[in-house]
Amino acid sequence: MTGRIFQIQRFSIQDGPGIRTTVFLKGCPLRCLWCHNPESARPEPQLFFSAAQCIGCGYCFTHCPQEAHRMENGVHVLNREACVACGECVKGCYTGALEMVGRDASVEEVMAEVLKDLPFYKTSGGGMTLSGGEPLAQFEFSRALLTAARENGLNICLETSGFAPLERLSALLPLVDLFYFDCKETDPARHLEYTGVERELIESNLVRLDALGAITVLRCPIIPGLNAREDHFRGIAALANRLRNVKEVQILPYHPLGRSKLERLGKTDLNPEWNFPDKADVERWINAVARECSTPVIRG
Amino acid sequence: MYTPDSHPDPRLLREAGEPFAAGFCECPEATPFERYARAYRRWFEHGPLAAYCGGQLYPGGLKSSTSGVMTPWYAFTFTWNQKAFEERLPNLNVGTRRTFEELKCIADAENAKLQCIPCGRSEHSVGGAGYTHGIINFGRVLAEGLDSYEARVQTGLARSTDPGIQAFYVGLLDLIAGIRAWHTRSLELLRHSSKLTPHRERLLAALSRVPFQPALTFYEAMVAYNFVYYLDDCDNPGRIDAVLWPYYKAEPDREASIALLSEFADNVSANAGWSAAIGGSHADGSPAYQEMTEIVLAATHGRYRPTLELRVRPDMPDSLWEAAFDSLASGNGQPAFYNEAQYLTGLRESELGLTEEDLIMWSGGGCTETMIHGCSNVGSLDAGFNLPLVLADTLRRMLAEDSVTFDEVVSAFKSDMRGVIQKVLGQLNDYFSARALYRPQPMRSLLMDDCVERGRDFNNGGARYNWSVVNVAGLANIADSLEAMRTVIFTEKAVTPRELRDVLERNFEGDEALRRRLAAAPKYGNDHAGVDALAVDVSDFIYREIRAFPCARGGRFLPSHIMFETFAWAGMEVGATPDGRHAGEPLADSAGPMQGRDTNGPTAMLRSVARLPQRLAIGTPVLNMRFSKSTLVGLEARRRLRSLIETYFQLGGLQVQISVVDRAELEDALLHPEVHENLIVRIGGYSTYFNRLSPELKQEVVKRTEYALG
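As given, the protein sequences belong to chains D and B, one line each in that order.
Using our numbering, you'd call the opening residue of the first sequence number 1 and step up by one each time.
Using our numbering, you'd call the opening residue of the second sequence number 1 and step up by one each time.
I should point out that these hints are in silico values taken from the structure, not numbers from a laboratory.
One or more hints might be untrue.
[Claimed, not checked] DSBU-like, lysine-lysine: derived pairs with alpha carbons at most 30 Å apart:
1) D:261 with B:703
2) D:261 with D:279
3) D:279 with B:703
4) B:629 with D:122
5) D:116 with B:629
6) B:83 with B:113
[To be verified] Calculated from the model, a selection of chain D residues having no Cβ within reach of chain B, i.e. all distances over 10 Å:
7) 65
8) 88
9) 241
From the three backbone atoms N, C-alpha and C, an ideal C-beta is built for every residue, glycine too.
One chain only, chain D, in its complex shape (with noise of 0.2 Å):
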């Protein structure tokens, strides 16, 4: 079985405990206005383009069937409306100036590599983290996936935006250790509009899911002007509140390395606004979380 993958990460140390290596899948139903792994939203492969990295040696405009790459004043221009993201041109280049983002690769591939570092799992506690993209949009792979690691005796997280059928969560639930669950916005009306899809059914899968004893971190991104809002953190804190297994709350405050990566996509309707928050502003934001939190608010 394959699934399609945009990159295996190790020595990852954000998503779950000790040191571990973290399968990113493509593919995402949200659109969230300020995704930080944008590259991860559409399930096709990409092609990333970085026109600054690009020194001239003219390999593209020649092999590029759908002559999608020209130089103008001296500058490489890429075509995005003819580039069929086929791959052709990327295989000359070897400045990072084309690259393609997303393949398919099997459960043995990535096994494979996730147990590389099987021996310092087995000294620092840690293992291997399913990520996205949404992993339960490529259910089947998933669970395949994670079933191997399982038998390898690996720590399993698992990070969700929840945005599935709960039977998918709880078909899962033997395999993880430790959910990390998103939670984006608590105004059902915001929610649809910052994500493009409904809150109430990831609401609804968490608290079923707590109930099958699953245990959560849950995260949450917050973006100044949309989401950072006393509503919003209270409203974390009284989900929160919720649950029986939750185990942290990670304040996840936005950062804009996500923009260059939109850029490389060819997209340009930035939001100049948004940048990194002051220290100040993620400290008061965990105070107002953690004020009516029963559980500890940490930044993630």
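On the provided structure of chain D, position chain B as indicated by the hints.
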């Protein structure tokens, strides 16, 4: 006008403030050992004394041997300060000036006798030049006192009939007389010091007993340790926790001990002194982690020297891991971590004749050259091999024909390496022989076992163990270059071998695309099986060639990767290499990947380096890692760091040293050195101040991959 047979007037030299030279010139007909012993004696009788600063130890601060034209030095017995010579010469009266010029002639002749200083130099060598380190037997002085040394020397003299051996003992008696004079002068200085601190009386009382009589208390032991450290010219403190432990155990006072050891560490730092290995094992195999181990760590917080080497066993207590991380968090890059089990095995496998009692006293000296505390004369980076320079020659020849195969290139490189190794080590053997004849080391002969018992000078096989550590430079560049050629030239056939040769000659001028393509090939340090296998193949060959070459000093040549500051300038003379490195750019640091080329995270990097047959490079395969400052904050981050170290050791890694700095801080230090006076970085095999590095090296340190742990 002046010849080596000149006889400079010792009286004029002494009056001109050159007692060492005066002593050396007193008896031109005596043996070299007697002449140098007399030089030491006069130095101690008449040389400058350090001022008393009011502390608990004396001497303190900068050693006095830094002033003068001809002064003692642990590495070469003496050092010649040409700058001081040139400054003083015009200010001397005619008679003294002539004497100084004669002296210069004699010093030159002494150096010429070593024929090959700088030794082991060839067009393919790096570093070395006979500079060396040692760790004297501090513990024996503490336990037995120098009076008993004198008795042993006299016994030896009474028993010997050979005139050469008699001269050796006579010289040692001269030296001891000098030490007595220095000791007496030190006591006088303390008595008359205007520094009326609470410490002075106690210090006087202790120093009136030690180091001539055995130390009875922890304080006396510490006073003796410090005094003898200066006596030996401030080289390595060695196994300090093991030596001091019995004294501490008898009267444990943690705070007082930390204060004393801190003062000692300040003295080591003031003299840019070197290494101390702590922890490890007892001879019966049990762990040797004592409270003293933690005290040494605590006492050296934030201090630049000594370089601490923590010998790690799987049963090292959690509290010591925490103490080690606390020390690292103080920002001095200390301690480095050493894999005890692998060192013990590697040293046993090297068949050096080590007893188990001596084996457990292993310690790095200098940067981190493997030696035995108290009884070894280990050429400490006697020479080094610049691998990319050799490869450049190989490629110039082999890439001339387009029909050449990859395997032929690899074979030719190995064959060239064999030739260079034999040439350089052959030169080194000649140098050892010259050194044995002409450049004795009286102080080391007195303080290093078994010179007195054997009646032999330290440089003439007097020490119990006599191996030589040599340096292997630029291994990663070789593996990366071979892999890039295999991929781009021999598999993908992007250009012909001849074209590659021309491109390298042109330093990639006009061929940036090809350079990028070569640079994009797999690189050592990313857990890539193919390129790592090349690193293993080449390193295994080189290690075995070095170890197989007979060492004239006895023992063996032991390979190492210890680039301290040399990886920057070693690269200056190397042209463009097929790994995409431009001409003149630095080489890879020590056993690690090329700077900035490990892009797959620290676990991948560690797995790559652990694949090397490291135990063959027991001289120490240094691995530098850099972590951001947040690294040591928080339990989880510390657990990850410990896991990285422990797992690397499980995989066979021997040594890892860790810098904790932020790139932002380093970049700021490039622009504003004045506000980063205390920024210490760990490079090559030791810690040093960032501000003391050359501009090129600063750039390289900034370039190093920095990992985060939390």
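Status of each hint after checking the structure:
no.	hint	result
1	D:261 with B:703	holds (24 Å)
2	D:261 with D:279	holds (24 Å)
3	D:279 with B:703	holds (28 Å)
4	B:629 with D:122	holds (25 Å)
5	D:116 with B:629	holds (27 Å)
6	B:83 with B:113	holds (22 Å)
7	65	holds (21 Å)
8	88	holds (16 Å)
9	241	holds (25 Å)
In this structure, none of the earlier numbered hints is contradicted; all agree with it.
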